[in-house]
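Chains as they are written, first to last, in my numbering: chain S, -6 to 265; chain R, -6 to 265.
Source of the hints: derived by calculation from the structure; they are not laboratory data.
Mixed in with the good hints, there may be bad ones.
Identical copies look the same in the list; a pair holds intra-copy or inter-copy alike.
Unchecked claim - The calculated lysine-lysine pairs, modelled on PhoX-like cross-linking and capped at a C-alpha distance of 25 Å, are: (1) 237 to 58; (2) 240 to 118; (3) 153 to 167; (4) 102 to 126.
Bear in mind that the values here come from a model prediction, so they are computed numbers and not experimental data.
Protein chains: 2
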Amino acid sequence: MNNSNPIGIFDSGIGGLTVVKSLDSSLANENIIYFGDTARVPYGSKSNSTVIEYSKQDAKFLLSKNVKMIVVACNTASSIALESLRKEFEIPVVGMIDPGAKAAIMATKNKKIGVIGTEATVSNKAYSNALLKLDDSINVFEKACPLFVPLAEEGWTDHKATILIAEEYLSELKKEKIDTLILGCTHYPILRNVIQEVIGKNVQLIDSGSAASVEVEAYLAGRGIKNTSNNIGTHQYYVSDVPKKFKQIAERFLGREVDHVNKIDLEELKII
Amino acid sequence: MNNSNPIGIFDSGIGGLTVVKSLDSSLANENIIYFGDTARVPYGSKSNSTVIEYSKQDAKFLLSKNVKMIVVACNTASSIALESLRKEFEIPVVGMIDPGAKAAIMATKNKKIGVIGTEATVSNKAYSNALLKLDDSINVFEKACPLFVPLAEEGWTDHKATILIAEEYLSELKKEKIDTLILGCTHYPILRNVIQEVIGKNVQLIDSGSAASVEVEAYLAGRGIKNTSNNIGTHQYYVSDVPKKFKQIAERFLGREVDHVNKIDLEELKII
Chain S
-6 MNNSNPIGIF DSGIGGLTVV KSLDSSLANE NIIYFGDTAR VPYGSKSNST
44 VIEYSKQDAK FLLSKNVKMI VVACNTASSI ALESLRKEFE IPVVGMIDPG
94 AKAAIMATKN KKIGVIGTEA TVSNKAYSNA LLKLDDSINV FEKACPLFVP
144 LAEEGWTDHK ATILIAEEYL SELKKEKIDT LILGCTHYPI LRNVIQEVIG
194 KNVQLIDSGS AASVEVEAYL AGRGIKNTSN NIGTHQYYVS DVPKKFKQIA
244 ERFLGREVDH VNKIDLEELK II
Chain R
-6 MNNSNPIGIF DSGIGGLTVV KSLDSSLANE NIIYFGDTAR VPYGSKSNST
44 VIEYSKQDAK FLLSKNVKMI VVACNTASSI ALESLRKEFE IPVVGMIDPG
94 AKAAIMATKN KKIGVIGTEA TVSNKAYSNA LLKLDDSINV FEKACPLFVP
144 LAEEGWTDHK ATILIAEEYL SELKKEKIDT LILGCTHYPI LRNVIQEVIG
194 KNVQLIDSGS AASVEVEAYL AGRGIKNTSN NIGTHQYYVS DVPKKFKQIA
244 ERFLGREVDH VNKIDLEELK II
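Please work from the sequences and hints to get the whole structure.
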């Protein structure tokens, strides 16, 4: 494996771009291949077997591009498919759950940690299990927030309706007096300001994507496959549907121009 | 074709059940095969080529069950894929757009008609084209409401946030003083009360699914293939993901017990 080989990142859609943004500031010289499965988004409301099937196809596509590592930049896929991917593929596969859990354990003082995510992530108790494995004296309070993804995609980041919805979703966590809240979906950092305002300024928010980018760096360093180039890395984007819309949203997210958004055929994804 | 053959209905997910409900009261003796493509829902944010590909697969699945007619119980698929389906298949294919447009033309007095739907339906100007073809003196005002589908799926039918979101989406249509509003997505009847309250009691709401069920009856009668049985028809439900959740929601929608929700494999759908 060559150090200059790209890091492969996949998500059900655009949410994983918040992970690209984190990597962009910490590992700016790495080449990145991103795949967003926009023809089948969202994953968060789908069954475990479907999410595993889709995730394997996504990973195989990235492998066909000679990536040196795979980042599952989707909490739903991380919570359901990570073990299957690690069993099937030899290269390192980094998910969102463990890094987010570790960062939350380090941040909490009162040992009361809240987790918000999709229905699939929450019903699989992915974060509860990871947190309790690290420290069984932690109290975990999980809450599914299905409307946050469409609100983020709609760009209603400071709308009054978003505040009302956040108040409804977060009220129980607030009552439990959590001091740390894991944003357990890569879309949620887009709504960070509203979430912070509603849950209270004293609660520390953990962005699982940022936490994962620290783990990516450690993996690369540990295996001696960090890119040693002094040049800024290239980014290539692939989606399974509507590259034009993806480009707009990606440029807004990343705050930089995005070239080369390629649409791949779903049939191609199945054949790989 | 035997008169007792079932009517085939497909939708991207659960929204088409509002159409089943309409048929259930007007054509209670018809047998129904319903397919909800819950592994790939939603269609409304996807590209035309993807929606056409998925719709053809859905229709082929229904044909494999010997249906005598296909109802495209999804406005997005109707607006994009109807002509392709009619070209490819010989049996009658009924969509949502023309019936909804006809009902709106009959209802309006001031010739100002509003249309709400998914991004795909609105950007394709499906209803504008259908309405203006029927009467070119009509003024049409279309508005995409992407958050209505997840709000309906979340069951927030009278939440304050839903009212705020409806106020935002419907404010322009209200200013234009429309007297008729087409609910151009089969999910929207679930939010009917909020929509009626926000747009005003004097505006007539057109449920495209109800309008389509009138057309289904006319088609069957015109071709002499109405079921003449005196027994209540059977319903069979197929989905591409998570039959359990589908069953719960279907029973809430239809107000009756739903047996036989079968999960079919996506691969199977592609091979048909």
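Going down the list of hints, with the structure as the test:
For a Cα distance limit of 25 Å, the shortest separation of residue 237 from residue 58 inside one copy, 22 Å, qualifies, whereas the shortest one across copies, 38 Å, does not. Proximity of residue 240 and residue 118 under a CA criterion of 25 Å is satisfied inter-copy only: 23 Å between copies versus 33 Å inside one chain copy. In the homo-oligomer, the alpha carbons of residue 153 and residue 167 lie at most 25 Å apart both inside one protomer (19 Å) and across protomers (20 Å), since each shortest distance falls under that limit. In this assembly of identical chains, residue 102 and residue 126 lie within 25 Å of each other by CA distance solely inside one copy; the values are 18 Å within and 66 Å between copies.
Hint check: no violations occur; every hint is consistent with the structure.
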